[in-house]
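> Okay, here's what each chain looks like letter by letter:
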Amino acid sequence: MRDSIYSFLLFKALYEPKIAFAKLAEVDPAPLRILFRYSLWLLLLPPLFSFIGASQFGWRLGAGTPLYMGTGTLLLISLGYLFILFFGLVTTALISRWMADTYGANASFGRHVALITIVGEPLAVASVAHLSPDVFFNALVLIPTTIWAMYLLYKGIPIALGIPPERGMLMASSLVGWLLVAAVSLLGISMSLWTLGIGPLLGV
Amino acid sequence: MSALSLHKRIEENTGLLIFGILLVSAIGGLVQILPVLNQKSLQAPSTNTQPYTAVELTGRDIYIREGCSVCHSQQVRPLIAEVERYGPYSRAGEFVYDRPFLWGSKRTGPDLHRVGGKFSDDWHRIHLIDPRAVIPESIMPGYPWLAKREAHRAGDIVAKMTALRTLGTPYTDEQIAQAEADLEGLLEIDTLIAYLQMLGTGLDEEIAR
Amino acid sequence: MATTHSSQDSADIYEDTVVIRLIQFSVLWAVIAMTAGVYISAELLWPTMDFGQFWLSFGRLRPLHTNGIIFGFGVSALMATAFYSVQRTSHVRLFAPKLAWFCAYAWQLIILLGGLSLLAGWTSTKEYAELEWPFDIAIAVVWVLFGVVFFGTIARRKIRPIYISNWFYGALIIVIAMLHIVNNLAIPVTFGKSYSLYAGAQDAVVQWWYGHNAVGFLLTGGFLGMMYYFLPKHSGRPIWSYRLSVVAFWAFTYSYIWAGPHHLHYSAIPEWVQSLAVVMSVILLAPSWATMINGIMTVSTAWEKLRTDPALKFIVLSLAFYGLATFEGPMMSFPSVNVVSHFTDWTIGHVHSGALGWNAMITYGTFYFMAPRLVGVPLYSVRLANIHFWLALAGTMLYIVAMWGAGVSQGLLWLSVDEIGELSFSFKDIMASMQPFYALRLIAGLIFLAGTCLMAYNLSKTLVGRKAVVVKPPPVDPAYAIGKEAAV
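First to last, the protein sequences are chains A, B and C.
Each residue of the first sequence is one higher than the one before, counting from 187 in the working numbering.
Each residue of the second sequence is one higher than the one before, counting from 689 in the working numbering.
Each residue of the third sequence is one higher than the one before, counting from 21 in the working numbering.
Same shape as in the complex, but just chain A (with noise of 0.2 Å):
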């Protein structure tokens, strides 16, 4: 067990993707497993981050004064935003599981949600940039990190699910296209909200 894919999984995995996708490349792990006893420490990691960070300083959204919001609001958020990336984890190895028969890859729905933890690690660790919540600071950080998680993406779908670089490249595309659907569809669902009540005050 000891190098086997399960201690790559946490950090490792940070600073050897390759080896990481090769050694999944060889496993079916139990996604239960998979998704409770790794994955989720590093969901965690953001809402932490988050929780520290805007309690201890307050969100600056760029203008004027620091948002502070209360203990009460902050562990609410803090929880959404936990549930957003549990379900943003689930939904996309389920997509990618999915998928998969179309791009001649059949690999276990665990190899699937091992593989998105591996590609999301960076920006999971990355996401202690939210103890200084600064908008502009954490754009910095993520927006180049986001990048570097889509380009281990673009590599690692092959690796890890044994097909093909070409057919892998098709096949991370299609994934880009659900992230960036995804991502925009939050977007617009936390402005609805925002717009209908929920959230900060809005002269709407």
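There could be a bad hint or two in this list.
[To be verified] Lysine-lysine pairs mimicking DSSO-like chemistry, simulated, CA-CA at most 27 Å apart:
#1 C/Lys-178 / B/Lys-696
#2 A/Lys-341 / C/Lys-325
#3 C/Lys-487 / C/Lys-253
#4 C/Lys-253 / B/Lys-696
#5 C/Lys-492 / C/Lys-481
#6 B/Lys-794 / B/Lys-806
#7 C/Lys-448 / B/Lys-806
#8 C/Lys-325 / A/Lys-204
#9 C/Lys-325 / C/Lys-481
#10 A/Lys-341 / A/Lys-198
#11 B/Lys-794 / C/Lys-448
[Unchecked claim] Example chain C residues on the side facing chain A (calculated, C-beta under 8 Å, incomplete):
#12 Ser-429
#13 Leu-432
#14 Leu-460
[Stated by the list, open to error] Simulated restraints on C-beta separations:
#15 C/Ser-356 / B/Gln-866: 45 to 55 Å
#16 C/Pro-208 / A/Trp-284: 52 to 62 Å
#17 C/Ile-313 / B/Ala-732: 45 to 55 Å
#18 C/Leu-264 / A/Arg-219: 37 to 47 Å
#19 A/Phe-272 / C/Arg-257: 34 to 44 Å
#20 C/Pro-494 / B/Leu-725: 43 to 53 Å
#21 C/Ala-140 / B/Glu-825: 23 to 33 Å
#22 A/Leu-382 / B/Ala-732: 27 to 37 Å
#23 C/Ala-160 / B/Gln-866: 36 to 46 Å
#24 A/Leu-382 / C/Val-161: 42 to 52 Å
#25 A/Ile-333 / B/Ala-847: 51 to 61 Å
Hint data in this document are derived by calculation from the structure and do not stem from the laboratory.
Small disclaimer: the values here were computed from a predicted structure and weren't measured.
Ideal Cβ positions, reconstructed from N, Cα and C, are used throughout, including at glycine.
Following the hints, position chains B and C against chain A.
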């Protein structure tokens, strides 16, 4: 004839395909645009809305020429925050003499529909020539050339007003005859300021209050 | 085989030299107009970058950027690909090749002089229809002649069915003609000035009927024509579902037209027009995505082509951004989202997810595919094309995310009020806080422009100094042949 075989005919006949595209794409326009074009209430001016004077019209056309509407909207939405920030929300009747409309689609700078009367002429003059002289954070370009050009050379004002009268703007013969004299001695910047100062003042008095 | 043809004995070979010329013009406009875009994005950071010159002012350069991209880069690319594909799907040489040459050059002249006229301050201000009436008339004439060449070629085709890509190009020509003429109706005053036939709220409705559908039938429909020809050609696979493409075409043509007024939410136009536009915008998602799925499924089994051909990558990725843009659009038409997103940089981001991610990428892929085939030599550098791919992807992503950040911040901060209903932030503070996002956007634009310049170099090394390969129409399958040949 089944739908499929009908489609086979369209698929193999250039004329039918052209006709089909024209028909199908025109329906939306006909049902949506024509009623709007015939809606009289969209053509009735608010009680205080007057045709642009020769000076204001010249200023408005300079506003158009310089592309001000690229960064400034002229459409206050009926939202608490906007009414508070800018003033009463925009009514259709205020725009009936606007050819073209200048609502804009982007607010890189603030909305200008209620800017009339909010700043002094002198403030506008400094601001237009060098925006950062009055608002240090401003990212608006300066328009120094407006203070150098004579207004009557910015376009044939008589031809403009005559064209607008043809389109239905109720200009009197006297207004048109007087137009060139009105512009005498003014610089472009003066007419633009005159336009900015009348913006949004065409609202019914009860609403404005 | 790379012999040239003289026009006398060329009655049965494809007219491809005009295609090469149009590709070169298109790339030239891409570089110029994107440079203008990068320049004005820098002006938002350093507003004195116009150096007191009226023609470098943001308000004049911005329409030059949009018109240069849409009509210079976009339409030249559409003309090139339409001329290329209509000959090959009709198995016949272009109808009236001299007219095609006239269209190609007249169009470039319109863009050149039109661009200069925008800098001179001749503008109607109607977005994407800024050019003044002399250009509007010239555009209408050239556009009709473009239609004559295109439909003339189809009318003389040797094969019975009209292939699906030609419907999209056909819809582009017909609907844009209709929109252009109706929206630009005006009374001329002087050479550079006219007054719109419509006023105020009515003018707004007509303009966004045009503005929205210029995007719809030019940037979406026209480029779908490109996809429907080049994707199957490229991947060596037939369209995944021809029936789906038929249904999607008519649904697209019917429903797109209605959605324009969603650009005018919370404005003084009638309520029912706004509501109808929202409903139709949502319906529009179905044909848009049907087409995307059709494309993705067509290419999904042709992966081995990716090994040798960098061009296909661009087309594959363009479908992902097409999916994003066609989803984001209907979403932004919901009043509860629109109230935040309208007037902000989110709109700019949305436009660019379409323009960079979809239009530019699919055009790049198509050019990389066509150029070597047109002159019969391999692409000058596959490596440069691969680098271009990653630059285009990174530039687009960075651009979209930066504008999402800017747009959401603007939208929320403008609207936020405190407990007693007073505004929380002043406009100028919000504006000043946009600088970091604008800086990111400038970097994104530079990255994307760098990729485009690489392509310009790569393509000119491939094309310049070479003549078009002589290509004759292949024999037509008798089962689909028209007229006399069917009897043979």
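> So, for every hint listed, does it hold in this structure?
Evaluation of the provided hints:
1. C/Lys-178 / B/Lys-696: 17 Å, holds
2. A/Lys-341 / C/Lys-325: The given pair, whose Cα atoms are some 18 Å apart, holds under the 27 Å limit.
3. C/Lys-487 / C/Lys-253: OK: C/Lys-487 and C/Lys-253 at ~23 Å, within 27 Å.
4. C/Lys-253 / B/Lys-696: Holds, at roughly 23 Å.
5. C/Lys-492 / C/Lys-481: Holds. C/Lys-492 to C/Lys-481 sits at ~26 Å (cutoff 27 Å).
6. B/Lys-794 / B/Lys-806: The hint holds at about 21 Å.
7. C/Lys-448 / B/Lys-806: Holds. C/Lys-448 to B/Lys-806 sits at ~16 Å (cutoff 27 Å).
8. C/Lys-325 / A/Lys-204: 25 Å, holds
9. C/Lys-325 / C/Lys-481: 23 Å, holds
10. A/Lys-341 / A/Lys-198: Answer holds: A/Lys-341 to A/Lys-198 is near 17 Å, not above 27 Å.
11. B/Lys-794 / C/Lys-448: 15 Å, holds
12. Ser-429: 6 Å, holds
13. Leu-432: 7 Å, holds
14. Leu-460: This hint holds: C/Leu-460 lies near chain A, its Cβ roughly 7 Å from the closest one there, short of 8 Å.
15. C/Ser-356 / B/Gln-866: 45 to 55 Å: 50 Å, holds
16. C/Pro-208 / A/Trp-284: 52 to 62 Å: Since C/Pro-208 and A/Trp-284 have Cβ atoms about 58 Å apart, the given range 52 to 62 Å holds.
17. C/Ile-313 / B/Ala-732: 45 to 55 Å: 48 Å, holds
18. C/Leu-264 / A/Arg-219: 37 to 47 Å: 41 Å, holds
19. A/Phe-272 / C/Arg-257: 34 to 44 Å: For C/Arg-257 against A/Phe-272, whose Cβ atoms are near 38 Å apart, the range 34 to 44 Å holds.
20. C/Pro-494 / B/Leu-725: 43 to 53 Å: 50 Å, holds
21. C/Ala-140 / B/Glu-825: 23 to 33 Å: 31 Å Cβ-Cβ, so the 23 to 33 Å window holds.
22. A/Leu-382 / B/Ala-732: 27 to 37 Å: Since A/Leu-382 and B/Ala-732 have Cβ atoms about 35 Å apart, the given range 27 to 37 Å holds.
23. C/Ala-160 / B/Gln-866: 36 to 46 Å: 37 Å, holds
24. A/Leu-382 / C/Val-161: 42 to 52 Å: 51 Å, holds
25. A/Ile-333 / B/Ala-847: 51 to 61 Å: 55 Å, holds
Taken one by one, the earlier hints all hold for this structure without exception.
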